[in-house]
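Colleague: Residues per chain are reported as follows:
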Amino acid sequence: MTSALDGVRVVELASDHGAFAGRLLAGLGADVVLVEPPGGHRARRYEPFVDDDPGVERSLWWWHYQAGKRGVVLDLDSQGDADRLRELITAADVVLEGEAPGTLAARGLDWPDLHPSNERLIWASITAFGRDNPRTHEQFTDLTVLAGGGPVWMCGYDDHSIPPVRGGGNQGYQTACIWAVMSVLAALWWREETGRGQLLDLSMHAAANVTTESGSYEWLVARATVQRQTGRHASVHPTQVTRTLGTDGHEIHTGFPPRSSRDFETLLDWLDDVGARDEYEATFWLEMGIERGGVQMSEITNDVEATEIFFAAREALNLIASKMTAYEFFIGAQERRLACGIIYSPEEVLTDPHFVARGFPTKIEHEDLGRAFTYPGAPFHMPASPFVANRRAPHLGEHQADVLGPGQSADARPTGHETPVPPMPQ
Amino acid sequence: MSGALAGIRVCDFTGQLAGAGATRFLAAMGAQVIRVEDPVKQGRWDILRGTTPYVDDRRGIEFGGAFNNHNIEKLGVTINLRTDEGKQLLRELIAISDVVAENFAAGVLARLGFPYEEQRRIKPDIVYVSNSGFGHRGPYSAYRTWGPIVQAVCGLTFSSGVPDLPAAGWGYSYMDHHGGNFMAIAILAGLLHRRRTGEGQWIDMSCTDAGATLLGPLLLDATVNDRPLRRPGMPHSSHSQSPRMVPHNIYAARGDDEWIAIACRDDREWRALANVVDEPWARDPEYDTLDGRSAKEAVLDAALDQWCSVRDKFETQVLLQDAGVPAAAVQRPEERIEFDPATAAWGLWPMVHHREIGAVRVDGLPVHFSETDWSIAHGAPCLGQHNDFVFGELLGHDAEQIARWREDGVL
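Going line by line, the protein sequences match chains A and B. FYI, in the working numbering the residues of the first sequence are 109 to 534. FYI, in the working numbering the residues of the second sequence are 29 to 439.
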């Protein structure tokens, strides 16, 4: 069995913001060679650590984003190592890098320097604003990408005295990385057609800007501004609260409003099933919704009766939820064909029976620790060319000899340079 | 036809953004994407056809702004799959396609008569990509989702918020974007595999699986260290735990609902920030180290919030950027679209022409290709706009036949 990118060699210059792209390409079967500076990339020192015990091979950030790759150490300030990188790239299919614009050019290691010797080369550059932009040289983190690029404006609470929120999980970086992988695959296709590679200039700022759904197109089309709301879409007009709680205090998203007469019948039956029909004060409205043959979303603001029916349906869901756990409600609603969702904490996803049945949680062996750990798995099921997600992140310089040839171990390279390994923080 | 993906033909049943976003990328890169819509329901398989926003007072299935945004550069045909002739036409279309893409609820395309086995009979090396909330396998495969439900169940909603408040979640269908984007990755990976091996396949995508790959490194803190994100004081997603950075937050700026994001990646950037602030509290020696700043993060946040609150967000951004500190104003849509030199220079908001709507701007792509850059000039297709081209020129039927099909309700 082969993977989609078997035989594709990617040279990735280690970065915080490009790491997820390399991870995905490795999952698709590419041989991703991660190039780190002497002493290791700084992300090896990011918390948390396995067993909370710091060490360059123990960062969970590193494990998460670098799984599936091989690793080498090169000091790009030394001529010998710069030459080794040049050779690696000359034989590579794809370069993935997130260096600040100008830093590689200063070493003669940028796209214009290297593609003449490898016309099939695809070079993906992920930077904050693109390689040539009025804001190219601004400093950035995931937080500032999401704040300047649009998402933060849309996330937070109904009460606007509370600051808007950056969503978790490094989505500013990851969004650009996903676009980078799409672009690399398109460029690989064109290269197979023509034999020619090209430069792909990715902007994290642009990626955030065009990944905000209505936030952008409400303005582009209607010059309207969406306003953030607790746990639901930012909107030009306020919308119904969609959050409720189960008896275990866990949150539930009550979804897109029930609106067909079948939905309303289902709600009345469910209220009966949980013995809450007497407590429910809006039976009248649901029955009217059934008589009307359902209501349309478009009626919600300009038809008083329809609006009451929508509210009555939402109230029914809230009342039912107050009789059971969040999980019981989620299953109960979905088995009745009502699109509601439990709000899972990330770790709860990996033990849910559906995700387990699909084989989503993936064990990765850490033979160095004599243990195996659970990681998230593949984004899609691809039977003829499986997404592989099963090799731990590389140790510092682990594949030096494999990749660069014998005698190139990280400890005894013939360049003669004496870069000290920075001490580990304690 | 030009572009990186010229020569690829997609038989496209996708809708909303979670599916349409995938073929949007392919179309902008030069693939020939043929949207198949149902004439009986006037294309309302896709709930966005005809819904808000609108450019003016005109309403109806051709005037939905979101639909136009998500379906640029695609061709549109109508086929009534309730009829035998309609089914035959779809067979002919699949026979000349490289890809069949859909994001119906699991099983719908099979019920319409076109499960993978049938597609493969028609076109042995077809790349079929299905995309639904929970995928075609597993106990929840029949469950219904929208973007917010996907985000709730996959862990993304919970991960976005601050302590002692409910989940803030994502104020838009973030996973509709990445549902579409991962679907584009699946389609292209399937095509590259076919190119090498001659083999097609059925790739099944579950948006909740895809979303659960995006939870970040803190997920491993739970699986490795038994430290769940559901615990007191967490999540706190405007702070940064991995890597740990302090300060790292969104602070009030001068004006109503104005905010600025500031992050210090190391002690040097903190010193640079403290020099700009130049007030006694910022010279507290305890703040010299990350551990010191972490221990008093709430106090530091409050003081910095106070400092920012009397200043214009863009002025603070410039002050701190000039000192080498990552800072960015929280931009409103109008600010990032109309006044941000970065998006203007990028050409991020291309103008398309739509046959009914007229000229309107849409999202561009966040990448530029040096040899085969994207092209976005045509708006979404009107219902059946390309019936003559696809059924006539591509499939070779004559005008009389097509006219008859129109009369008979096949198209």
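Careful: at least some of the hints might be erroneous.
With a cut-off of at most 20 Å between alpha-carbon atoms, the simulated EDC-like pairs for lysine to aspartate or glutamate come out as follows [claimed, not checked]: (1) A:Lys471 with A:Glu456; (2) A:Lys471 with B:Glu435; (3) B:Lys115 with B:Glu435; (4) B:Lys324 with B:Glu363; (5) B:Lys324 with A:Glu155; (6) A:Lys431 with A:Glu413.
One-sided excerpt, in silico: chain B residues whose CB lies under 7 Å from chain A [unchecked claim]: (7) Gly93; (8) Pro152; (9) Arg165; (10) Gly199; (11) His205; (12) Asp232; (13) Ala250; (14) Pro256; (15) Pro271; (16) Ala289; (17) Phe367; (18) His425.
To be clear, the hints were calculated from the coordinates, so they are not data collected in a lab. Just so you know, even glycine gets a beta-carbon here, dropped at the ideal spot from N, CA and C.
Colleague: Find the hints from earlier in the document that the structure breaks and name them by number, from lowest to highest.
Modeller: Per hint list: 2, 4, 6, 8, 17 and 18 violated.
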